[in-house]
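Asks: Each residue of the sequence shown is one higher than the last, beginning at 1 in the numbering used here.
No lab work stands behind these hints, which were simulated from the structure alone. One or more hints might be untrue.
[Unchecked claim] For each label pair, taking beta carbons as the anchor points, the in silico distance ranges come out as:
no. : residue 1 : residue 2 : range
1   : P120      : D154      : 23 to 31 Å
2   : R107      : L221      : 45 to 53 Å
3   : A230      : G106      : 45 to 53 Å
4   : M218      : S119      : 53 to 61 Å
5   : E176      : E128      : 53 to 61 Å
6   : Q236      : E191      : 40 to 48 Å
7   : E195      : T38       : 35 to 43 Å
8   : I3        : R107      : 41 to 49 Å
9   : Q30       : T245      : 15 to 23 Å
10  : N72       : S158      : 41 to 49 Å
Since this is a predicted model, take the numbers as computed values, not measurements. For each residue, glycine too, the CB sits at the ideal point set by N, CA and C.
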Amino acid sequence: MNIGLYQNAASLSALERWQDVVAQNIVSSQVTAFKRRTVQVAGNQSGEFFIEPSSVPGASGEARRAIFPQANYNISLTPGEALPTHRDLDIALPADGFFTVRDAGGRILYTRAGSFQISPERTLVTAEGLEVLGDGEAPIQLETEGGTLVFNDDGTVSQDDTLIGRLGIVTFARPELLTPLSGGLYAAPPEAGPEPVEEPGVIQGFVESSNVAQLHEMVDLITISRAYEANQKMIQSRDNLLGRTIEALTT
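All chains should be modelled from the sequences, with the hints used to inform the complete structure.
Replies: Right under this line is the structure:
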């Protein structure tokens, strides 16, 4: 069994996954509050293989462990730049807080994209129409008559000096467990440990840019390309060596 070939093939697979992540980062670099995904390619102990005693002199047939490259994903929660919009419904969060939202199917999700709208039912919604939730996972209901909205730095929401709710802003004890979805949304299992933030430091009239640096992503693409080419050459070299060995044994 040529373990080297399998290891090189696993490297190619990991590099392809890394390339997919980099491409998604570049495509999403203009999405409000998008968080860059990162990849670490590390060795993973992936089971055992056996050498037949009859095929190798002195081999006892005991198991040998093999290490294979594997792509491990993470999310960079480094804040993007706060960009002024002077729009009352645009909200930026410092540090690592997330807004709590609910989709049409009732699923609780999280986002840092604070470019909000007002629904026909006069509730606060995201640009994609998801309900923005407050305390107790209740929607933020606005007054029928309208009026100026004020988002205070502690997350409370006022309309014409009347308190109407408080944004459900949370942080996570284990943010690495967040699952990124489209549109800057994240799903979180209970193990991620969402915790309410008492003083989130809400900034009204700003939106957060993505934290993607396109130059950094282009450098990663070059690194991936070179590593991919090197692994391809190693596979070709191993294949040629195996072919010559078989030819020598059959002549």
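Asks: Please go over all the hints and tell whether each is borne out by the structure.
Replies: Now for the hints, and whether the structure bears them out:
1. P120 <-> D154: 23 to 31 Å: Once the Cβ atoms are compared, 29 Å apart, the range 23 to 31 Å for D154 and P120 holds.
2. R107 <-> L221: 45 to 53 Å: Given about 34 Å between the Cβ atoms, the range is violated.
3. A230 <-> G106: 45 to 53 Å: holds, 49 Å
4. M218 <-> S119: 53 to 61 Å: Given about 40 Å between the Cβ atoms, the range is violated.
5. E176 <-> E128: 53 to 61 Å: violated, 25 Å
6. Q236 <-> E191: 40 to 48 Å: holds, 44 Å
7. E195 <-> T38: 35 to 43 Å: violated, 24 Å
8. I3 <-> R107: 41 to 49 Å: Holds, since I3 and R107 (Cβ atoms, about 43 Å apart) stay within the stated range.
9. Q30 <-> T245: 15 to 23 Å: violated, 53 Å
10. N72 <-> S158: 41 to 49 Å: Holds, at about 44 Å.
Going down the numbered hints, you'll see the structure goes against 2, 4, 5, 7, 9, while the others check out.
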